[in-house]
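Top to bottom, those sequences are chains A, B and C. Just so we're aligned: the first sequence equals residues 1083 to 1377 in the numbering used here. Just so we're aligned: the second sequence equals residues 23 to 310 in the numbering used here. Just so we're aligned: the third sequence equals residues 3 to 236 in the numbering used here.
It is worth saying that the hints were derived from the structure and are not from the lab. Be careful, since some hints might not be right.
What the hints assert, rightly or not - Covered stretches of chain B (in silico footprint by chain A; criterion: 3 or more residues with CB under 8 angstroms from a CB of chain A, positions within the stretch not fixed):
(1) 103-115
(2) 137-144
(3) 167-174
(4) 219-233
Every residue gets a Cβ at the ideal spot worked out from N, C-alpha and C, and that includes glycine.
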Amino acid sequence: MSYLRLDPPRVLPGISPRRRYTDWVMRGLLGLATLIALIPLVLILYFLVKRGVGQWSGKFFTTDPNGNFLGYPGGIRSALLGTLEIVGLATVIALPVGIGVALYLVEYGKSSRFAGLVRYFIDVMTGVPSIMFGLFIYIVLVLAHIGGTFAAWKGAVAIALLMLPIVVRSAEVVLLLVPDSLREAALALGAPRWRVVFRVVLPTAGPGLVTGSLLSIARGMGETAPLLFTIATATGLSASLGQPMNTLPTQIFQDITSPRNAVVDRAWGAALTLVVLVLIFNIVARLAARRSRMS
Amino acid sequence: MIPPETTSKEQTDMSSGGGSAEQTQTVPGGDAAASGATGQGISVEDLHAYYGQREAIKGVSVDFAANQVTAIIGPSGCGKSTLVRCINRMHEEIPGARAEGSVFLDAQDIYEDKIDVTAVRRLIGMVFQKPNPFPTMSIFDNVAAGLRLTGTKGPDLRARVNDALQSVGLWEEVQDRLTAPGIGLSGGQQQRLCIARTIAVAPEVILMDEPCSALDPVATLKIEELMDQLKERYTIVIVTHNMQQAARVSDTTAFMLDGQMVEHAPTTEIFTKPSDERTERYVTGKFG
Amino acid sequence: MSVQEPRHQFQETLRELEEQTLGAMDIVVTQLDRALESLSYQDIELAGMVVADDDVIDGRYLEVHQGILSLLARQAPVAGDLRVVAALLHTLRCIERMGDQCVNIAKLVPLSGYEAPKDKDILDAIERMGQRARQQVAEAKDAFSTRNVELARDLVRQDFEINQLNRKIFRRAVDIGGDEDVREWSMFMVLVARCLERIGDNTVDIAEQIVFIVTGLFREMADASTTTEPTPAT
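Given the sequences, and given the hints that come with them, work out the whole structure.
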């Protein structure tokens, strides 16, 4: 009965035309920005694949880049193996040290002034250009002729230094994510602190630590500059860590300026290989993270 | 009153001082839990606790009788959680926190200089508000964790785990899935798992900091019944903000206000005829 | 609106229950007055009203009883509040019994005959007892609502006089039992005296409850079973 209604019924207003227009404009701008960011990325991948995938073959991966001057220039075997070996050594150095520092910062140092200082310096290190690590090792180890001049292990040390802050940062984040209630529970049972760390905190943080490590390894694999000063360049297959060793980044660096087209092509093949390697590590890291989140 | 096994184990722990607490101890043949040993009492004397400059416990003295359930009640911020954390020396794990005074476990002051803190915590266990089973461990491993983390080895690890699970009434529910993850249990079961983990180490005293706050009513009642059974073997101190719970489960109740102990009396007395005006006003809900 | 204290609703409800209980004591006083009046003037109609109005007391009893059950179930009173609730339950019973005693007196009115009362001693004693009883009930109510322990203890002392009067009436009835005319009437008066004495005992019970509320201790106070002067303040 309409005469009983005193106020007109309240109706929810629709979206004003002006708001609709603003919305549309903003969407457009953001979309454009995304495109601009994506285009170079797509182009890089495109070129890599286009020019590199043709190089891939059995021979490519099983021969060393010291082929004939006139014929087939050789594959990238020594470079690939060298990368894996050096990054492997770097990992062995960087991970324990890095996780150890993170453990100190989270479990023992906490709010002490020293811990704050350490954290500050680690943060600084993440911003240091990679070439600086190379220079540092060059001066300290190479020029000083410690164990020879150029050597693979020195390159590994440089890479390790580069990986260190990443490992520390990501490990710290993961360790902080371990709930304090678990530490409390273990302490309340009468466990000494180191046991709490090794038997409770580390296993709980495990998956996250693995992810962080994998990401730092992926980063380490792609660094060229530190290697230039520390392991020089080599072509032959070498397993000895005390000698110069070939790596993918240095191989690419060498090859790309060569006048021979075949060599330049090899560089593209090597670049694609490197990118694929890094990609593999990244994917594995993400899969590991997802698996640990789901369990 | 203290069975010989417990005494020798305790004295070994207590006197090992600031040195190694890490030597593995074999589980004594007739271990305390199995031989029907009874819990010891706690005696707090003039305890002061600080968070940095702030004094949270201002000279508290109270006795917790052996083999009884004592409830500590009081409004938020009165210091009851701090008090129990001083009893098992967890308070000092907080950066900037310290405690002064004496806490006697039977005859020994656990705040003496040379005392090994981890040994204290093996004798005075704690159950927390939110159930916290170790997420990477199975049910069995969780209960055994206390034993493994304290370096106790021994052939009857399995026996002790089973005994602990039976004591908390979980055995029937989990006996066929001991290897399943501990966090797969319901909230009430998880809390009972944590209690099993605590008693597997054969403590004398069990401290409970609002153990049922995060649980549903049925699970709460199960744990309250469990407390009644457990007090035969252990001394239990429970902090609770639920007065009905304190009235149901405890033999004696202590009321704290502003870092001080106001009244400590048999529970019936506190809830029918408290001596102190402040206690009367708190339990009747005039403030809180 | 000022900030209300916690458990405001609960305190309100408890207060109301107490008021209703004490209100019932007022009804008892009225009933007693009317019963004694009907006795003095042989007013059968008034006596009938007393009997009928006992339903009010019974109704009040049930009402407060239900309220207390509800309060216990929902609010879980403790300490002082719990003592008050326990005392109210006990007091309600006493009030109900006092109401019944008034009814008993009223029922004796048509039975005691239409003839003039025969013995002045007994009559005076009954009248005195009635006044005492009435005063005790009124004071019991007062002591309860003000939580006056001293007044409560004094009720024991006052009750002593009622007990004495009761015994006096009994002896007098025995003495004049030889006289056939007076005998039946005096028997009825003995019964009335008994009712009044019971009312007195109930006020002593209520006094015990008052002491319990305040002190938390329950002590039996001297009642009609003792023949000596009770010592003050047990």
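Review point. Among the hints numbered above, which are violated by the structure, and what are their numbers in rising order?
Key: Per hint list: zero violations.
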